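Novice: The whole structure should be built from the sequences, with the hints applied where relevant.
Chains as they are written, first to last, in the working numbering: chain A, 1 to 280; chain B, 281 to 757; chain C, 758 to 1099.
Any given hint could turn out to be false.
What the hints assert, rightly or not - Here are the simulated distance ranges between beta carbons: (1) Ser750/B to Ser107/A: 48 to 56 Å; (2) Glu147/A to Arg1091/C: 48 to 56 Å; (3) Arg746/B to Glu1062/C: 19 to 27 Å; (4) Glu1062/C to Asp471/B: 46 to 54 Å; (5) Leu333/B to Ala926/C: 25 to 33 Å; (6) Arg1091/C to Asp80/A: 23 to 31 Å; (7) Asn139/A to Leu546/B: 34 to 42 Å; (8) Thr340/B to Pro813/C: 53 to 61 Å; (9) Gln935/C to Gly416/B: 50 to 58 Å; (10) Gln935/C to Gln419/B: 34 to 42 Å; (11) Ala202/A to Ala1098/C: 21 to 29 Å.
Claimed, not checked - Rough simulated footprint, nothing fancy, chain B against chain C, three-plus residues with beta-carbon under 8 Å: (12) 926-936; (13) 977-985.
Keep in mind the hints are simulated off the structure, nothing from the lab.
It should be emphasised that the depicted structure is a prediction, and the values quoted were computed from it without experimental measurement.
We put the CB at the ideal spot given by N, CA and C, even for glycine.
One letter stands for each residue in the lines below.
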Amino acid sequence: MSEGQQLKLLGSVSSGSSAGETALQGNVAVSVESLSLYYGQSCALKNINLELERRRVAAFVGPSGCGKSALLRCFNRLNDLIDDCRIEGDVVIEGESIYGSGFDIPSLRRRVGMVFQKPNPFPRSIYENVAYGLRLQGNLKRSELDEQVESALCATGLWDEVKHRLKDSALALSGGQQQRLIIARAIAVEPQILLLDEPCSALDPTATLKIEELIYKLKDWYTIVMVTHNLRQAARMSDTTAFFYQGELVEIGDTAQIFREPGNKLTEAYITDRYGHFKA
Amino acid sequence: MKNRLKSGTPWIWLNAGAVAVCISLLLVLIAVTAVRGLAQFWPAQVHEMLYQLPDGGAVTVVGQILAEERGRILLRTGNRATSGSELMWILEPRVLQHTTPLSMAVFGRKEGGVFFGKIIGVKTSGDLIRTRDVWGELQARLRWVQGVDPQIDQGVDQGVDQGDQGPDRGSVLVLVADGTEIELPINSILDAWQPNRMHYSQRLVHFFGQFWSFIIDGPHVDGVGGGVYPAIFGTVVMVLLMTVFLMPVGVAAGIYLREYAHQGWLARTARVAVRSLAGVPSIVYGVFGLGFFVYTLGGGLDRLVLGSGTFPPVFGTGGLLWASLTLALLSLPVVIVATEESLSLIPRGIREGSFALGATQWETLRHMVLPIAGPGILTGLILAVARAAGAVAPLVLLGVVQSAALLPFDGTAPFLHLERKFMHLGFHVYDAGFLSLNIDATRAPAFASAILLVAVIFSLNFAAIRLRGSLRFKSGD
Amino acid sequence: MAFTAFALMLVYLLWVVSPLLLPAGNRLTAEAVLTLRAGIYGTMKAASFSLIFAVPLALMAAIYSACFMAPRVRCVVKPVIEMMAAVPTVVLGLVAVACFAPWLERHLLVVVLMVLLAPAALIGWGWISHRYGDRLNLPVSTSLEWLYALPVVAGIFLVSTWLNEPVQALLFDGDMGQWLITLMGTNAQQRNGLVVGFVLGFATIPVIFSIAEDALHAVPKSLSNGSLALGATPWQTVTKVILPTAGSGLVSAVMIGFGRAVGETMIVLMAVARMPIMDWNPFQGLQTLAAEIALGLGGSEAGGELYRTLVLAALLLFAFTFVTNAVAEVFRERLREKYLAL
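Specialist: Okay, structure coming up:
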């Protein structure tokens, strides 16, 4: 890709978002401002700028290693756990700059829930998995705890399947159930934003379908950002799609728009499954 | 044939043989230790033999057969006070007559080891008691001495107080091998039995009784025979004290190294250093313990508290505190490494899941990581304790003695006496099995201590293995 | 918490080497130099003898356990062999001095015969079971078939014991040990280098076995499967693929075993007659640094000549074992990274 193309491309992205700014005033959940991410010497994300609206589903797509998961992890500062990771720029979530000094990271993570690629239930009971986040927030009464656990499990459609074995180990659940449990665990603490990092990549088609239905239902309450490898899923589920390539944001826009007439040749090559040709 | 060898299947059997040899070596070792250690508690038959001397004359020898090989018999003749030695080799062809008389009795004595002989009668105040049941009378008097049965008429026997032996309870008249009669004061007898009369079940009961009294009794006055209770007690107190020092420091260091430290070259170097320290010989730690703890810290403490020139030194000499500190230091690397490894086994996803729910590092550690890693850490701790319980080399330098007058823990304030010398099971093995001047008599108890020590350490290891096994089962994969 | 543990570790290291900071005196006397030289010589002698015994056994057992044993059997056998390390060395010393040394004096030939006959018998048995195994209908499942090695080894032991006296009478005038000693023209001890070699070897086997087994077992299955898929036999897969891959792990296992043998105190203290001599005669006694420290340090005057010599000996031991272990650990770390990359 030439330098000129790149500049033009970034220009189009920012102009696009600034055009929409007046219309979406006050409706921005996440705003990324010139964000760059380095792992040691290597640069994983280059100067990313984007805005995501409230109560909509945004999908991040792109080939492996393009930085989409890394960006997702910037939203709840989970990258901080990696030792030689360095970040420039800023992310503003609900009007608050999360990379400011003295920022309370645990409270951010309570507001920004996350679901991982591989289901990672804690080796505890089903109940304890959902209650874990709630317990961290303070002393809830047993009845309140029960209530919230139940409502979280109901919201994910898991309640009827597990209500008689809440004390069983969460590890005994199937993969799809585990992933819905993780979602229940995340929404139990009532976050504003839900990050889904390839939530269905480790699941079979039936379980995937259930998760997709769930996500569709949840977007009435939460701002959802999902990373996916499955373009059909992105097309089906999301309102906004962002395409990443080699650490750069190539294009972001309305999903229907992106899939119908992509504004960039790279995006087009990728979504029409000619990525391999393009690379050659 | 050549093809088969090339395919290598026969070579696999060579390796299987190595496994077999290793396992056999372990089993043989344990079997030898157990047999040599436990045989002494078995009430073996006592033989009476007419033995031809080289000059043509004949003597009667009495004893238990310990070993037979190449026409020679090793006889335990007991009666150390009269004959000098406990053991004796005799040549089998020279045995003219061989019997096992039913009336032959064995006496366990407070001093001088076992005694063999036939009972003639029981004497009180110099007079022979006229009774048909001499054996019953003896047993009754033994119970009386032990304070179990105060029923015997005390009027007759209100004898003179013989110092620490207590009042005179009479004596028993015994015919020994060379035909002389010997009077044994009943106060000096611990136990008497007639092995040649015993049934198998009686022998079994006797065996366990003897073994049990070996565990719960103190050593005899002359240092030969008796039990090892103080040694067991000392070992346990030392190991517990060591664990108190060891656990917080070792676990904290392991947690820091894995969870908090920046995982750069410094952490990696520290990790290699700790692992290497685990391989440093225990005697080096012993030298450090003596040089630093005893002479520097202990000596300094003495000078500070008691003024210079204190003699004998209180803390400036080996004792319980310094020994357990040294052993804690010795086991520290093992615990750090085990803590670290069980923490590193926890999948990243679990930590991230906890962080993603807004848990802080400390909350994640306390509520998630430590409960999961707990059994692994505990396993490491048990293994470290087992290793320390068997480490004798540092103790040779640090405050362990063959016989301590006082236990390190008792009813007088401050209850735990950190500066005291103490006894240790492993050191007892070394002392009784190697250093002792009367090696013939003390080697059997040394083996008994050895098998006790092995049993304790194997149980600890077994517990650790079980714990590790259940851990693997729980994590599911 | 931040730097506590690191500070602790540093302090700890300094503590361990702190005897170095003691006044070292001007020069060591000739006597001290002799003690140290004989000690180093004896230490190397005892450790080398033990490795001659332990390395082949431990490595072969590790190969079998890691590469050929069924997982469920391995779960039992591995801890059992590692249990050898749990036997307190003072117990090994006791068995050495009270049982093994007197036995070996008269049964040297049994050991020699075992070394010669057992491998031959095992390979022979392997050949027979490989060739005729189907027709023999051996009544044990394949995961436990290695148990047949037990009676084979035990049988060879019995045969060797039975041959002991006749062969000695025939070839060595009735006593092989005496015959060898006369041949070498030296005097001998009952508690000699040979005894200490075997017993120290017993303590070293589990150390080497455990580390070597881990290294071999951690070789990614994809590698060995690849080799098997190309038509290599299991043994060829082991020698051509697994052993070369895990090579540095095996080297570090032997190094750590050597470190353990060098510092072992109680076994040497009890199993061998203390003699300040420098030769490789296995029938002679020896003295090692560790045993000298255990015997001499407690009674020596703090800061005196002997004390300083022995502290120096301890420092030598510390430096040697620490460096050996550190190098071995770096090897293992590299190997782990290599496995992760595979």
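Novice: Each of the hints needs a verdict: does it hold here or not?
Specialist: Hint-by-hint comparison with the structure:
no.: 1; hint: Ser750/B to Ser107/A: 48 to 56 Å; result: violated, 38 Å
no.: 2; hint: Glu147/A to Arg1091/C: 48 to 56 Å; result: holds, 54 Å
no.: 3; hint: Arg746/B to Glu1062/C: 19 to 27 Å; result: violated, 51 Å
no.: 4; hint: Glu1062/C to Asp471/B: 46 to 54 Å; result: holds, 52 Å
no.: 5; hint: Leu333/B to Ala926/C: 25 to 33 Å; result: holds, 30 Å
no.: 6; hint: Arg1091/C to Asp80/A: 23 to 31 Å; result: holds, 29 Å
no.: 7; hint: Asn139/A to Leu546/B: 34 to 42 Å; result: holds, 40 Å
no.: 8; hint: Thr340/B to Pro813/C: 53 to 61 Å; result: holds, 54 Å
no.: 9; hint: Gln935/C to Gly416/B: 50 to 58 Å; result: holds, 57 Å
no.: 10; hint: Gln935/C to Gln419/B: 34 to 42 Å; result: violated, 53 Å
no.: 11; hint: Ala202/A to Ala1098/C: 21 to 29 Å; result: holds, 24 Å
no.: 12; hint: 926-936; result: violated (count 0)
no.: 13; hint: 977-985; result: violated (count 0)
Consistency note: the structure conflicts with the earlier hints numbered 1, 3, 10, 12 and 13.
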